[in-house]
Structures are given as structure tokens and as C-alpha cells.
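Chemist: Each chain, letter by letter, is given below.
Protein chains: 4
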Amino acid sequence: MDKVGVWLIGARGSVATTATAGAAAIKAGLAPPQGCVTESPHFPATLVPLAGLVFGGHDITETPLRKRAEQLGRAGVVPPHLPDLIAADLDAADAEIRPGHVPSHVPSHVSGDVPGDVPGDRDQAAAAARLGDDIAAFRTRHRLARVVVVNVSSTEPPAADRPEFARLADLEERLAAGDDVLPPSSLYAYAAFQAGCGYVEFTPSTGPTLPALAELAALRQVPYAGRDGKTGETLVKSALAPMFASRALRVRSWSGLNLLGGGDGATLADPAARSSKQLSKDQVVAGVFDEPVEGQTHIDFVADLGEWKTAWDHVTFEGFLGVRMALQFTWQGCDSALAAPLVLDLARLVARAHEKGRHGPLPELGYFFKNPLGGGEHALAAQYARLRAFAEELS
Amino acid sequence: MDKVGVWLIGARGSVATTATAGAAAIKAGLAPPQGCVTESPHFPATLVPLAGLVFGGHDITETPLRKRAEQLGRAGVVPPHLPDLIAADLDAADAEIRPGHVPSHVPSHVSGDVPGDVPGDRDQAAAAARLGDDIAAFRTRHRLARVVVVNVSSTEPPAADRPEFARLADLEERLAAGDDVLPPSSLYAYAAFQAGCGYVEFTPSTGPTLPALAELAALRQVPYAGRDGKTGETLVKSALAPMFASRALRVRSWSGLNLLGGGDGATLADPAARSSKQLSKDQVVAGVFDEPVEGQTHIDFVADLGEWKTAWDHVTFEGFLGVRMALQFTWQGCDSALAAPLVLDLARLVARAHEKGRHGPLPELGYFFKNPLGGGEHALAAQYARLRAFAEELS
Amino acid sequence: MDKVGVWLIGARGSVATTATAGAAAIKAGLAPPQGCVTESPHFPATLVPLAGLVFGGHDITETPLRKRAEQLGRAGVVPPHLPDLIAADLDAADAEIRPGHVPSHVPSHVSGDVPGDVPGDRDQAAAAARLGDDIAAFRTRHRLARVVVVNVSSTEPPAADRPEFARLADLEERLAAGDDVLPPSSLYAYAAFQAGCGYVEFTPSTGPTLPALAELAALRQVPYAGRDGKTGETLVKSALAPMFASRALRVRSWSGLNLLGGGDGATLADPAARSSKQLSKDQVVAGVFDEPVEGQTHIDFVADLGEWKTAWDHVTFEGFLGVRMALQFTWQGCDSALAAPLVLDLARLVARAHEKGRHGPLPELGYFFKNPLGGGEHALAAQYARLRAFAEELS
Amino acid sequence: MDKVGVWLIGARGSVATTATAGAAAIKAGLAPPQGCVTESPHFPATLVPLAGLVFGGHDITETPLRKRAEQLGRAGVVPPHLPDLIAADLDAADAEIRPGHVPSHVPSHVSGDVPGDVPGDRDQAAAAARLGDDIAAFRTRHRLARVVVVNVSSTEPPAADRPEFARLADLEERLAAGDDVLPPSSLYAYAAFQAGCGYVEFTPSTGPTLPALAELAALRQVPYAGRDGKTGETLVKSALAPMFASRALRVRSWSGLNLLGGGDGATLADPAARSSKQLSKDQVVAGVFDEPVEGQTHIDFVADLGEWKTAWDHVTFEGFLGVRMALQFTWQGCDSALAAPLVLDLARLVARAHEKGRHGPLPELGYFFKNPLGGGEHALAAQYARLRAFAEELS
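Sequence order for the protein chains is A, B, C and D. Convert by adding 10 to the 1-based position in the first sequence; the result is the number in my numbering. Convert by adding 10 to the 1-based position in the second sequence; the result is the number in my numbering. Convert by adding 10 to the 1-based position in the third sequence; the result is the number in my numbering. Convert by adding 10 to the 1-based position in the fourth sequence; the result is the number in my numbering.
Only chain A is shown next, with the shape it has when bound in the complex (with noise of 0.2 Å):
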């Protein structure tokens, strides 16, 4: 079978770092894949194997992906023993990532530990051109048939709309000229589609939902899917909100704070990345009930929680004859590893949708994520069973 090239961007990462060691430890029988999706029986077998995955990426630092994965392993996201016994797999992941493009305005808490000598791109043309080919010498080298690129890394504010993301003509007319007007998750996802790859919107950043992009996928022919995993306490919200709603009891309230360490968290800290991602969470609430809901979702900055995050949430419902009753819950969870997996979950999914012959929006793939793109419903077990058919279907 082909074997299927995963481009991280944000490539030395948690998530990623966590994705290529958990593919290592798996392909060396270190680790049952738990967590992956599509390992489950419920699958069938045509998807790439987890063992035929490459990894590379573009990244605005320099850790070697050794180093960032033995601090994962102090922080619990690894095992702390895992680093030195997949070393090669590591290394060979590190060799292949290329400089991110470092956009002027990226916060100083994240881009503290640029070197001096990432290699400036001119403008945004000459970087989409700088990285795609960044990505087709990837696709060469190893051969690969198919090569999807997943956006993991940190969370942009949202982008403000502009004349020019309406049209790819417009859009190519600017870069031309010079001007930088797209969010750099758009560059990514520009020159990813440039490439002939698919592409997968794991943030929840602009990516590829402008139309200009959308049009240029249909024009290369190639899938894409987004938008924002859907990990943790959004994924227990697209549980519990079904189960309001098929038993006809009216949730009135829906409240929650997340607490959130480490990498993530700080990016978070800044409030314009935050009201990105509080947009991205309240869509499966007002998604799933007719009837508006109160409530706000929080997120803080804690960075006490290292890897960890801790989200409560809690919810009013009134039922028979007007009666008021509460349910609150408190998730304890690991993003990095909950991310990991469905990155591995999407890489697979995307390549194979991609060599069916699919472009455009996958909605089918809706179960991942806290913002669909393509549309379909929130409600997570029908996401589940649409995502089973769609696998199905491309076998």
C-alpha cells in the first residue's frame, strides 16, 4: 500500500510532537493505538496503515523533536521511557521540518524561542511559494502518493473579512502585488492546496474556509476538513446536548469555565485567540437546540496545569410541568492526547477521500470537530455514524 505523508504545521508542537511519537510507539508494538478512531473494528481495513505514515512540517522554532518529546514525557503527555526508545523515528520526523513562516504579528510569548536565522520570506507570495515546495520535496523524497497537511499549531484571533478572500483572482492579484493580507493558517492552507494537498483545519483558525481558498481546492482538486478538534469538554457537550433534546427537556442554561495550562493555554491568554476559540465551543450548543440558551463559556490561562486542562461545565434544564433540574460535569484531560490520535484519525481519512477523488469541504468528517465545515449536525453519535458510512463508502 502507499504510504501517506502527514506535514505538520506547528510541527514540533504538543499535539504533533505527541502525534509522530504515538505513530512511532504503535508501528514498534510499544502502545495499543488507543484513542485512534479508525483503528477500531468498526473500520475497514483500506485505510493507510498507522505504520505508513511520514511525518515532516514547517515550525517557527528549532527544539529537536527528541528534546520536545522528553519534555512531554516529564510532563505525563508520554511515557518518560518513550523518547529514548523511538529515538530514529524521532530524528527522522526532525530532519524533515522546514522553517514556518514567521508572521510579524505572532505574539512574543510564542515565537520567543525564534533563532535569528530562520530564513525571512519576502512576502506571503514568496513564502506560499517557499513552502509548498517545502512540502512537494517532502512528497518526492519519500515517494508518497498523497501528502495531507494538518494545521496544529497555536490558535490565530479571527481574521477580519477583506474584498479580496472572496475571489482567488482578487486574492493572487494582491499577494502579487506584495501585499500580506492573509492570516497565516490561509498561507498554510494556500500553499497546501497549491501543492495538490489535502489539508486539515485543526484549529480554530481561518485556514481554508475563505471562498477565494474554496475555490482554489476545487481547482486542485483536493479535500479539506475543519474546523477546531473537538477533544474534550466540547465533546461531552455533543453527548450530553442530544440527550436533552431527544428526551424533550428544555436546557435553559449552559455555563462553563476551561482551565487551561501549558503552550495552549498562554496562546489562549491573549483575548483575541480566546473569543476565536469561545466561537468555535458555543456552536454545538446552539447548534443542536431550536430554542436559544443562556450561558457563557470561559477560558483562563492557569499555568499551574502544565499539559492539563480542567474544564466544568453546568447546565439548567427544565422538564415536566416547568420542573428546574441541574447537571454539571468537571473533564480532566490531556489535549495533547486527545488531539494526537484524530490527528493520525484525519491524516488517513483526508489521503484516502483525497485518492477517491473527493475535493472540497468534508463534511463527513464532522465528528471531529467543534465547527464542521461543510455543515452537518453536532449531535456526536450521528456525526459518528455518518463518519462510519463515509469510511464505508471509500472502501
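These aren't lab readings, by the way, just hints derived from the structure by calculation. Fair warning: there could be bad hints in the mix.
If the Cβ cut is set under 7 Å, some of the chain A residues that face chain C in the computed set are [as the list claims (entries may be wrong)]:
no., residue
1, Q306
2, L404
3, S405
Cβ-Cβ distance ranges computed for the label pairs, FRET-style [claimed, not checked]:
no., chain 1, residue 1, chain 2, residue 2, range
4, D, Q81, A, G297, 45 to 53 Å
5, A, P90, C, P221, 54 to 62 Å
6, B, T56, A, A313, 57 to 65 Å
7, A, G384, B, G385, 35 to 43 Å
8, D, A395, C, A105, 26 to 34 Å
9, D, A395, C, P221, 30 to 38 Å
10, A, G297, C, P90, 37 to 45 Å
11, A, G86, D, P54, 36 to 44 Å
12, B, E182, A, G297, 18 to 26 Å
13, A, R84, D, P54, 33 to 41 Å
14, D, A395, A, G297, 54 to 62 Å
15, D, D300, C, G384, 30 to 38 Å
16, D, D189, C, E387, 37 to 45 Å
Incomplete in silico selection of chain B near chain D, CB under 8 Å [what the hints assert, rightly or not]:
no., residue
17, L40
18, Q306
19, T340
A quick note: this is a predicted structure, and the numbers were derived from the prediction, not measured. Just so it is clear, CB atoms sit at the ideal spot from N, CA and C, and this is done for glycine as well.
Starting from the known structure of chain A, fit chains B, C and D onto it as the hints suggest.
Modeler: Same frame as chain A, now just chains B, C and D:
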């Protein structure tokens, strides 16, 4: 459209009183049908309207229904002013309540207010005949097309198996000999079937689950459903367990503590009755996961909670590369308010199934139960899809 | 024993209505004095008896107290049948309520039901004179030895500092010039002090905390206490924080989300007012621990909660050899029911302190407040010991 | 300053290993003394320094302490790299561990790894002599001024009362006759007292609580303290219960579920041992409130939790005018890490009390225990104040 009778075993209990009062309130336009699953637009209009339900039943206590409704008003289960507004309906239902059969082993805290003049039945054979006559007379008196008997009385201890439970002929031989061999819930199911009525076992009691009674249901061509209404903690379990399963997250332990006030809590303070409930509650987790899951579910009687219930569940699970995570939830509900609309749903659905010629257990109603008779899955969304298909099929 | 007047700013609000109704209920033997700290046998009998309290106050709305009590009965804050039983007392208190001063910047959702005919005060100088006269007349009318003014009105935004707040002479010069420089709560404190009354700032508003007002309290020899009644989440914090401190467990983060319905929640939906409350809530953790503790306290308005409040707190702490552990709690309380008995306690204690010649801030009452005026510690048990010693000293 | 010996019963268990490793780590400057109550600046410097503690003990297993420390490193109880850094101290303590007495009824899951060559003691009289000799030899070998024996072994079932427990003479007569009448913990206390050592009962076992042993402690002029270290859920209870009491809020129910992994959890899976623990846990609530409080505390063994423990408590309480409110908390702690520093605190305090001539029970140490011997209150802050006064008095 033909009217349908709802004959409640435990007709003066909290669930029965709430169901009777609620149907009257909805009929009078005093409350929306919140909590009634079959009132949702997803269900066909071919079921009997709520206004077409007529109430009666058996009970071993004599407190008038209006007084019971007022008690529930003070406890916050029904709006405090409601009983006055629907007094005529409560009195009408009250007039249709006949003395229940008093089993010799009923715990004193349940039978405490049984007045001395309840007509004692000579033995179970006499009781079955009398109970069946009560139901048949109700059907005739109101010219009802069909009556559905619903057991919402106190939970019984698990019944020891007996040889005569295996075949109807043997069972009837024993009854004819004057032996009282049936658990009370099974006696009511026997009487219901003999009277040609469908039956719903809303408690974890034995009810219609004896092979001899299945034989009788087949003979009389009547349908039945059960067991143990899924109203609170277990409902949430059946929404969350499939979430873990589909995400390939391995659940390692699931522990719970249920704090219950009210009559149900008092009954369950009896270890034997509690064991019926606990067995029933453990079905969901065992039914969803392939591998065994550690943990116990405790039930405590806390009188101070009145008609309310608080349950805490704690789940540990293992994700990618063995990382351990946890979810906990607290459910604060009013069991009677959660159960009552389901009683109305079940009466409508069983009546319609009966009308359409269905007999024997109805596994399509598994959505409503902790321990679905006739088999079927425990995942809530799948149960709901099956229920909708069934309702469609009946229309 | 002399009677004591309790003059409530916000006399028709939930806290004031509950306090007035509760004192009447206890006097009539309809309820035990549960929640009243000074009714415990640990306190000397020299305080004025609850039956010796006479109620009056200012408010900007005109809803009769009896109607407000009925509303609270429906909301479950007071027993539903209580208002009828104490109607005479409610009407008597109602007759002693005078129009409050309407500040120009009061948010419309609070002042919405202010009727057109509230007598407008020309300026703050005129208002202060009129408000003081109202209180003095009440004292004379009922031959009260002393009146304690208690502010239980809506929370104000923090007040910007002004040069004239520093000295009484400067402040009075500005008022005499017709300038409206005082925040509303400080205007009431000014009027109370001028009328020779003790004052309790039960809200987080500025109230008596301006140096010019401290000067006035000294001049008039009146005592005062505050600030921000410690009724729920912060009460628990002040019990738990010293536990960690004494055990040498290092608290690393303390985060919280408060969900509030009712009028208080609506006021706090205004970010400016909310910031007063948040500042106040953060005092306890900062006051108990030597080292800084990460984390924020959020306040959300959730209308569906009515008069109830749910707060969730999450604490991470470090123990022996750096091991990380966590505590979380959920508090579900009724703020008015928690605050009302403390209002009675405070009125009794401040009246007695006044009688005994105490003036200026009373730090011995820190037990009751989130942000004790006059300094003192935040640990609850230490505050309680100090309170008991103070009560002993006053007897 | 004189050195002090800490002789641990269960010296290879999790608590003992953590205490031994922690004292070495603090001595070496590898960790701050977090969690050690007596290291706070509130305590006088007259206690023996942590570096002056010398460790030894009895145990029925032979796993070397260094290996046990490595296990705890993998479980996250001590830093993973610590055991290597303090190997010499661990080995030194290991060399001071002598075979424990093997009681005939020890459950097999505890004694499972008892090797065949543990020298069996002929009977309890012989055992007491041998155990006492072990301790005395340790004291001589290290020229220790004093040795404190601390029982941190597995919890025993409650012991049935026996007539010979009432008087020392009777007890010794039975022992001399070769009768094994003492529960194991009491045998160790007997040996400790006979050897002239202070004793701490850190478990809920019987230990020194027999009248005959109190007589012996008086005779030998040795102090003792206990019972059942207050490390987690009960600690929180003793901080919260006085909060309710001082606020005159009437607690109506207090329910709890403790989920424990590890060796302690396994021992407590035995219903008899569990009942000792539950009795102990129920002391606090009963000790703080005048009126009875409904509710039970459950203890479940959940192997998946490893060395960690999760406890959920649910409290209902009644406030002003009978309003019902609720508090719930979830505690997630590591029992060994919570207990170990208290063992060090207790050894220092008991040694100092011994030096100062105190003998018999030390109620001033009630702060550390669920069930304080010698009486005294259960309110945490009051216990802490008493502890500080005691430390002051000893200095």
C-alpha cells in the same frame, strides 16, 4: 380517535400522581408537554393524543390523589397552584383507583398507611382474577379501545427462581393449588395479560420477565416493555459511555453514588430492593464496553432530599499512549418529574403497538429503560433512532 | 431593653425583604433563628432581641413589601405561606420606607420601575439632608435608642478617586457648591453619619470608605462596618484557605466561576459593577497566603437561576516533594437567605457597639465581610474567635 | 541537638517510604519542606531538625526501600529521579528494617509477598520481647536520645473487646500463658511502651487505645498520640463543618464516596477493615454538630487510581427560614504524600513531649487525627491553635 386507558400499579405514588396531574395540565393548556418524547415533531401524529388518555389503577394506600398532588406541589414536583386547577381530573382518576393486592412481605414503611379495610384477596389466584376484573371493568366503563398497565410501584427485591416460572401450565397449576408463588409485580403482569392488556414494567422488579408470562403474552397477543425507566444518572451514562467507545478511549473505572430522598429512596434503603436497582444500573456500562470496567454504584437514602435526587459519577479512562484522564458529573433531578412523561409516552406507544398487532416484548422501546427487555443496545442515540423508526413503522 | 432601628438602603430588595420578613417570622415563633450567628448560645444575651428590631429604609422602587415577599415565596426564598401570616409586620415596615435618592447613572434595568413621582432631590447636598431627616424622623417616631443604617442595595462600579474625598471640609465645600461628587452608597453613609447613626456597608460599593467620611464618623462618634457580606463562595474560601496554609500545602491556583440569577446577577452583568465584586472576592486568597496565587474569579449572570447562585471553585496545590493535588467545590446557595440573617446580626452588634461608645470602623466584625474595613485577618475561624471576644467585651 | 529515631511499623509501605525519602530529600536540599506543619515559621525552633531524624522499622515484606521508592517514583508520588539521588539514605534506612510480626489472620493480599524465612515468633509474648529488642538495639546503635514508634501499616478490622484489655496485670498474665490476645497494632504499641518509646497510631487500628496499654504508658512514662491521620477528605470536613456551625446553618445530611487505589484501597476492600476507617471518618461531623446529621461515607477500592484518591462529599444544609442549600466538593489527593510529612511532624513533637516529661495520650496533637485520643475538639482551626500553643509550651 379511540381513547386509551392508562392503568397504574401504584396509582397514588409520586410518579403516578405526577403523570396523572401532568396529563390533565397539558390537556387544559396549563403546561407545555415538556419531557414527553413522543410530543416532539419527530414523532408521527398517529399516537393517541394526551387528551385521549384515561387514568385509573391499583394502590394499597387510600390517600386521595388530590391530596397527593398537593403534597407534590409543596415539594416542588408540580406547580403549587396546579392541583386546584385540575381538581376535577384528579378526582375522576381517584374514583378509578381500586385496592391493590397486599403481599404479605411488603416492608412496613411502605404498607404503613394501608388501612384495615382493604379487601384481602384469598390467594394469588383470587387476586389475579379480582385485579383483572378491575381493569376490564374500567375498560368497559370508559369504552376504551385498549388499556395499558404500567407498574410504577415500589421496587421489589430480586425474586428467587422457581421451577414453575418456566412454563405457564406449571405456574397456573401452582396458583390453582392456592400457592402464592409470584412476586407482586409478576402478579400484576399476569392479571394484565389475562385481561388482554399491554404492560410496562417501569421498575426494576421482576414483572413480566418470567418465561411463563412470556408464554401468556404470546397466547393473549399482548405486547409488553421494560424494565426500569431510565430517568437520571443512567440516562447520562448511556449518553456518555458511547462517546468514550467511539473515540476508542478505554474506560477503566466507573463509580457512582446516588443520594435519593422520598419514597423511592426509603424503599431502596432496604438492601434487597437496592440490589435490584444496582443490578439494573450496571447494565449500561457493561453493555457498551467490550472489556470489563471496574467500579460500583452505591444508592443511599437521604431523607432530607425529599423528592429530589443527586448522583455523582466518576469515570477514569485511558487515552493515547496510556495517558489517564477523568470525567465526573453530578446530576440533580426530580425522579417523578423525569419519569412521569415517559409513562405517558410508553402508554401511547404500547397501545399503538397493541393496536397494530404487535405482541411479546418490544425491544424498540429500549430507549426508555435501563435494562431493555427483548435485548438491543444501550447506547442512547442508537436507541433513539430505533424508537423513531418504530414510531414511523407503527403509523 | 431599648428598641433598635434597622434602616435598609434598598429596603424593597430581596435581602432587605427577606431580613424584614424573617425577623417577623422569628418574632412570631414561625421559624427558628437559623442562620443568625448572634442567636447561638455562644453569644451573650445583652444584644437587643430580634423582636426589638424596627424596620424602615430607603428605596427607589415602590413595589409593596408584601408583594415582594410573595414574589420571594414563589421563588423559594421564604416559605410560600409566610407573607400572609406576617402581613401586618410587612405593611408596618412598608409604611416606613421613603423614596431613595435616584442617581443619574443608575442602569435602566434597575431603575426601570422607578415611578415618575419619586421626589427628585435638587442635588446631593439636598439629598443628604432629606435622607438624614427621613432617618431621624423614623428614630423619633419609634422612640428608638439607636438606628443602624445597612446598605443592601445594588452593587456600584468602583468610584474614581477625587481630591475632595481626602478631607471632610473639602468634601462639604463641593457639596455646598451643588456638585454631585459622591457615589450613591457614600451619600447614604454621609447622611447616616450626619444623622448620628451607625452604618453597615453590606455591598462591595464605596460606602463609608472615603477618608472624608472616616473623619465624619469620628466627629459624630458613630461606628461602621463592612464591606461586602461574605455569604457564599467567599465564605467557603475563607474556611478552606487557612486549612491549606496551616498544613503547609502550597496553593498554586484558585479559579472560580459564579453563576448568579436574580437582581444581583443582573446588576453584576454590568462589567463595571462586576469589577467591584471581583476585587472584593479576591481579597481572601491574597490575604491568607504569603505567596501569589494564580487564577481568576468570574461572575456570570444566568437569569434562569432566579434567586439562586451556583459557584464552582477549582484549587491546585502542591504538597510533599512537589506532588500536585486538586480540590474543587460547588456551592449552591440562595444569597438573600444567606445575607438576611447577617443583616440582623450586624444591626444588633453595631447598635450595641454604638451604645458602648465605639466609633469608627469595627474590624472585629470582619467575620461577616469579604473585605473587612479596619483590617484584620481573612481566616474564618480566627475571625469568629475575634467576633465572640468582641461580643463578650460589649456585654 | 540529640538525634531522634523514627521507628516505622510498615517501614516498607508507601507512607513510610515517602517519609523516609522525603526527609532525605529535604536534608539534601533537594526539596522544600512543603507539607511539614512544624517547619512553618509559626513553630519554635526547639524541635529536632529534620536532618536529625534517623529511620528504621518493622515490616513483613522484604522489597528493598530503594525499589519501593522507584515504584513510587513511577507512580508520581515522589519525583522519578529522586531515589537515585538519595540512594545512600534509603539503603541506610533499609538496613535498619527488621522483620515484622506475622499475625495469623493477615489477609493474603497483604502478606502475599512475605518470604518463607521471616523468623516466626513463638507467640505474642515472644514477639513483644523480640520487637522491643529490635527497637532498643536501634536506639543504642545510633546513640539516640529517644525513639518514636509510628504505626503506618495496613488498617486492621475493629478488635472485639476482651476482659483482659481492662488491666495490665490481666493482659500480661494472658500473654505469659502463651495466648495471642492482642490485635497486631496493640502488640506493637505494647512493645514500644515496654522499650520506653513514644508511640503514634497513624491508622484507625486499635493500637494503644486499650486501658491496659494506657496503664503501661503511665508506668513507663511514655507519651502517645493518635488515631488515624487526617490527610484528605476528613481534613476538608474538619475545616468546613465549623464554618456551618459558626454561621448557624444547620447541616442536614453529609454523604461521601471515597475512591482509593493502591495498597490502602486494597486493604479497605475488606469490609472489616473498611468499617474501622468509616467509624473514624464519621467522628468529625458527629463531633462538630449538636444535632444528628444524616448520611454515610462509602469507601471503594478502585485499582486504576494507583496511589491516588478521589473523594466526593455532598452536604445539604438549612438556612434562614428553612431554605435548603447544598455544598459538594471533590478532593483529589495522594495519600502517601499527604501523610508522610505529618509522620515527620508527629515524630518530632512526640519526641519533644517525651523529653519534656509528658506521658499518656497527647490530645494537643488532635490536629493531625480523625479521631483524637485524649479527647478534644474536631474543628480544624481550633485544633491548630491548640497545637501551636502546645509547641510553644514545649519550647
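Chemist: Indicate, hint by hint, whether the structure satisfies it.
Modeler: Evaluated hints:
no., hint, verdict
1, Q306, "holds, 6 Å"
2, L404, "violated, 43 Å"
3, S405, "violated, 44 Å"
4, D:Q81 x A:G297: 45 to 53 Å, "holds, 48 Å"
5, A:P90 x C:P221: 54 to 62 Å, "holds, 59 Å"
6, B:T56 x A:A313: 57 to 65 Å, "holds, 59 Å"
7, A:G384 x B:G385: 35 to 43 Å, "holds, 37 Å"
8, D:A395 x C:A105: 26 to 34 Å, "violated, 49 Å"
9, D:A395 x C:P221: 30 to 38 Å, "holds, 35 Å"
10, A:G297 x C:P90: 37 to 45 Å, "holds, 39 Å"
11, A:G86 x D:P54: 36 to 44 Å, "holds, 39 Å"
12, B:E182 x A:G297: 18 to 26 Å, "violated, 56 Å"
13, A:R84 x D:P54: 33 to 41 Å, "holds, 39 Å"
14, D:A395 x A:G297: 54 to 62 Å, "holds, 56 Å"
15, D:D300 x C:G384: 30 to 38 Å, "holds, 33 Å"
16, D:D189 x C:E387: 37 to 45 Å, "violated, 56 Å"
17, L40, "violated, 27 Å"
18, Q306, "holds, 6 Å"
19, T340, "holds, 6 Å"
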